[in-house]
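A.B. asks: Here is how the chains run, residue by residue.
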Amino acid sequence: DAMVIQNPRYQVTQFGKPVTLSCSQTLNHNVMYWYQQKSSQAPKLLFHYYDKDFNNEADTPDNFQSRRPNTSFCFLDIRSPGLGDAAMYLCATSPRGGPYEQYFGPGTRLTVT
Amino acid sequence: AQSVTQPDIHITVSEGASLELRCNYSYGATPYLFWYVQSPGQGLQLLLKYFSGDTLVQGIKGFEAEFKRSQSSFNLRKPSVHWSDAAEYFCAVGARGYAGKSTFGDGTTLTVKP
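In order, the protein sequences belong to chains U and E.
Its first residue numbered 7, the first sequence is counted upward by one per residue in our numbering.
Its first residue numbered 499, the second sequence is counted upward by one per residue in our numbering.
Bear in mind the hints are in silico, worked out from the structure with no lab data behind them.
Certain hints may be false.
In silico lysine-lysine, DSSO-like type, Cα no more than 27 Å apart, as pairs [as the list claims (entries may be wrong)]:
#, chain 1, residue 1, chain 2, residue 2
1, E, LYS559, E, LYS547
2, E, LYS599, U, LYS50
3, E, LYS559, U, LYS58
4, U, LYS44, E, LYS599
5, U, LYS23, U, LYS50
6, U, LYS44, E, LYS547
7, E, LYS547, U, LYS50
8, U, LYS44, U, LYS23
9, E, LYS559, E, LYS611
10, E, LYS566, E, LYS599
11, E, LYS547, E, LYS599
Owing to the predicted nature of the structure, the values given are computational and were not obtained by experimental measurement.
Throw the hints in and build the complete structure from the sequences for me.
C.D. replies: Here you go:
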């Protein structure tokens, strides 16, 4: 089945230690999104790619960066995680730009110690 | 900019009872509207969507939603709830156009009593 895969499902990192979260998709979708979701809150969009075009949200901290080396893969890099960055990170895809339905991965739960 | 309000943070219903989850949106034109469901520790799954046309839309798992322009609402309904429906439900609104993005509400947690 075509799907969105996130690895790892659970990640523990130390305060200030860089961490990378991975997302891959077999849907061949043009758009890939990264969201941060804290407990009992709505997903918060960090950035998205339309093909190779990177779109950063205005309020996304500089501590968060992303790479998309090809259509299938997208990475979220947190350069110096703080305790406030502990959250669920969700990757999603969409077949085209604009507010169309999104297909979500299962998420990566990040813990910062 | 668009916004979404889900007035109910938490709803409890008995298994077999009917369900209605409320969603109100703010947007200057006809929006794209979505309902997603999130089980604990999982990603979001699309239940249904409204783009245009018939204002009553059917989704997966027996859910439906009705778009009411006059009330700026897109409420989610199910006639008979199953225990497996316990989850968090998010309403989302999207602005039309290439650069449009979806904005999510804060979610409603559904608990199902046996």
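A.B. asks: For every hint, state whether the structure bears it out.
C.D. replies: Status of each hint after checking the structure:
In summary, the hint linking LYS559 (chain E) to LYS547 (chain E) is supported, as the alpha carbons are separated by about 14 Å, within the 27 Å threshold. Distance restraint check for LYS599 (chain E) and LYS50 (chain U): the Cα-Cα separation of roughly 12 Å lies within the 27 Å cut-off, and the hinted pair is therefore satisfied. Distance restraint check for LYS559 (chain E) and LYS58 (chain U): the Cα-Cα separation of roughly 36 Å exceeds the 27 Å cut-off, and the hinted pair is therefore not satisfied. Annotation: proposed proximity of LYS44 (chain U) to LYS599 (chain E) holds, straight-line Cα distance about 20 Å (limit 27 Å).
In summary, the hint linking LYS23 (chain U) to LYS50 (chain U) is supported, as the alpha carbons are separated by about 23 Å, within the 27 Å threshold. This hinted pair checks out: LYS44 (chain U) and LYS547 (chain E) have alpha carbons roughly 25 Å apart, not beyond 27 Å. A C-alpha spacing of about 20 Å is found between LYS547 (chain E) and LYS50 (chain U), which places the hinted pair at or below 27 Å, so the restraint holds. Between LYS44 (chain U) and LYS23 (chain U) the alpha-carbon distance is near 20 Å, which keeps this suggested pair within the 27 Å criterion.
About 19 Å separates the Cα atoms of LYS559 (chain E) and LYS611 (chain E), which keeps this hinted pair within 27 Å; it holds. Our distance criterion of 27 Å between C-alpha atoms is met by LYS566 (chain E) and LYS599 (chain E), whose separation comes to about 21 Å. Distance check on the hinted pair: LYS547 (chain E) and LYS599 (chain E) sit about 15 Å apart at the alpha-carbon level, within 27 Å; holds.
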